[in-house]
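J.: Residue numbers (the UniProt record's numbering), protein chains in the order written: chain A, 1 to 313; chain B, 1 to 313.
Where hints are given, some of them may not hold.
You can't tell identical chains apart in this list, so a pair holds if it fits in one copy or across any two.
As the list claims (entries may be wrong) - Simulated pairs of lysine to any residue, SDA-like, Cα-Cα distance not exceeding 25 Å:
1) Lys231 / Pro134
2) Lys231 / Ala178
3) Lys231 / Ser59
4) Lys203 / Asp277
5) Lys292 / Glu154
6) Lys110 / Ser155
7) Lys181 / Glu289
8) Lys181 / Glu194
Everything labelled a hint here was simulated from the structure, so no lab data went into it.
2 protein chains.
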Amino acid sequence: MSTAPKKNAPPKNAPAKEAGSAPLFDRVTLIGIGLIGSSLSHAMRRAGLAGHIAGHARSERTRAKALELGLVQSIHDDPASAVRDADLVIICSPVGSYAEIGAAIRDHLKPGAILSDVGSVKQAVIRDLGPNLPDGVHLVPGHPIAGTEHSGPESGFATLFDGRWCILTPPPGTDAAAVEKMIRFWQACGSQVEVMEAGHHDKTLAITSHLPHLIAYTIVGTVADLEEATKSEVIKFSASGFRDFTRIAASDPVMWRDVFLNNRDAVLEMLGRFAEDLTALQRAIRWGEGDKLEALFTRTRAIRRGIIDAKQA
Amino acid sequence: MSTAPKKNAPPKNAPAKEAGSAPLFDRVTLIGIGLIGSSLSHAMRRAGLAGHIAGHARSERTRAKALELGLVQSIHDDPASAVRDADLVIICSPVGSYAEIGAAIRDHLKPGAILSDVGSVKQAVIRDLGPNLPDGVHLVPGHPIAGTEHSGPESGFATLFDGRWCILTPPPGTDAAAVEKMIRFWQACGSQVEVMEAGHHDKTLAITSHLPHLIAYTIVGTVADLEEATKSEVIKFSASGFRDFTRIAASDPVMWRDVFLNNRDAVLEMLGRFAEDLTALQRAIRWGEGDKLEALFTRTRAIRRGIIDAKQA
């Protein structure tokens with residue numbers, strides 16, 4: 001993830017907490033309390049969305065920190081006890097951990113509960129969490145398009161989702177009321193919400209997010225392999241372009257490993273197109289085909305204008 | 001170029017104009033008045049570095065605009081008359097134009113004048129400008145590591161170079177006093193100055209700047225080739241990583257065409273390494289080698305820390 005809104009910016013479209021009104025959920029459980037989990041806690045508390053926030057994290061340090069920072073009102077060593085009586089369970093850990101978490105919590109979910117997540121891939125989430133869910137538990141996967149290059153429970157903040165998109169990918173036949181409730185939840189966290197099919201999400205994000213991260217990781221890796229003297233000069237003069245890639249390539253390694261392993265086909269398809277285009281450009285440089293270069297470099301400006309017009313710049 | 005300092009930020013290390021002191025140069029000529037040329041005019045006037053600023057631009061519109069904005073005190077249709085009596089001539093046009101400009105101005109340069117430039121490649125500049133210079137004219141090529149994605153005479157501002165590096169690459173045997181004067185010039189424009197050999201500059205910038213721009217242009221081009229419906233979704237969700245590439249890929253097309261044509265060997269060498277690394281990563285994704293992915297994604301974080309420690313983040 002690479003979007004870093006100003007921490008102190010006023011919320012763009014987050015409704016203020018309504019005094020005296022009942023929270024949207026009596027009890028919410030966060031499984032995993034890193035950047036997104038902790039930011040969700042801040043955003044939920046800002047909007048008064050949960051009567052009680054329970055948490056589970058694998059590491060002792062994160063559990064202690066989450067309590068210390070007031071991110072959760074109760075903390076649990078095992079996921080099964082964390083989800084007990086929860087009306088909403090949000091998995092905020094790397095997507096590679098979902099199958100194990102699903103197996104651990106499945107039989108402990110409250111009837112009528114909503115099971116959601118914040119993972120960057122969505123077909124794999126439905127594959128790993130969907131089967132064997134008890135009747136009356138509603139799976140509504142989600143993906144907030146927001147993040148920073150920082151990780152851990154201390155890195156979260158309430159405004160992370162303000163003005164950003166959140167994509168929900170409920171499988172066909174999902175209870176409409178549950179989907180509606182999750183739309184209200186994310187809007188109250190400051191987001192704009194879009195509902196789409198999981199496969200379509202994965203294809204779109206392969207281009208907008210997964211391929212850019214892959215490329216950034218690659219070029220920073222290429223530099224990491226250079227000899228020390230060269231590397232220190234690259235760092236010194238990094239403001240000329242390279243720097244922008246390093247921020248993207250500082251994102252959480254385990255999270256991104258799991259993204260690439262779980263959206264393999266869509267990522268390889270886009271990577272194939274990119275590699276072809278790169279080879280064509282390489283050939284144009286080798287043969288001194290200035291017209292081809294200039295034509296491409298002119299065409300790409302239109303995309304930038306589109307992003308500025310869409311107010312996503 | 002991709003560095004965008006705040007336009008209204010106070011200058012970090014630009015010395016104030018000393019009241020009553022003589023300017024460093026009586027007459028400075030700018031050949032080309034785009035982002036860098038116009039910013040140089042602003043920076044020179046801020047620091048009182050030139051008694052008179054003359055200018056040449058190829059297009060009638062740019063010449064009129066430069067006068068209207070007060071960027072130059074005299075404007076000239078042809079480069080030869082623009083450089084007459086100048087103590088310093090700075091070429092600020094795409095590097096592909098240097099050979100022609102060099103031929104046009106060569107016989108009109110004042111004895112003792114310094115000929116410099118701001119191009120992103122340096123060996124080609126010495127190749128195109130160096131031969132046949134009159135005795136007593138000093139070639140001191142330069143490259144300010146600063147820029148934005150905007151172009152044209154209206155896009156310049158005085159603080160563009162503040163706190164940024166400027167690299168000078170005088171050929172062996174260049175007059176030391178001329179080099180010293182250009183160091184003082186760039187420091188007065190707000191920059192930190194580094195002197196290095198032209199070939200070393202070109203290798204270093206191939207990694208820090210040329211390859212990142214090439215990759216950004218490629219991925220934005222890959223997206224530009226997608227069908228319209230997909231493209232509009234990519235723009236909508238671009239904050240998830242893609243957006244950062246579009247800013248880099250909005251830089252001036254002709255300038256960048258000339259960079260790649262004139263630093264071919266160094267760019268192809270770095271591009272070759274990058275392509276190998278990308279292929280290795282592609283293979284790791286295809287075969288589900290999570291350990292390899294995680295190891296790379298962890299290693300790249302160290303480079304980011306280096307940039308933060310070097311205060312270039």
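J.: If any of the earlier hints don't hold here, list their numbers in rising order.
T.: 1, 2, 3, 5, 6 and 7
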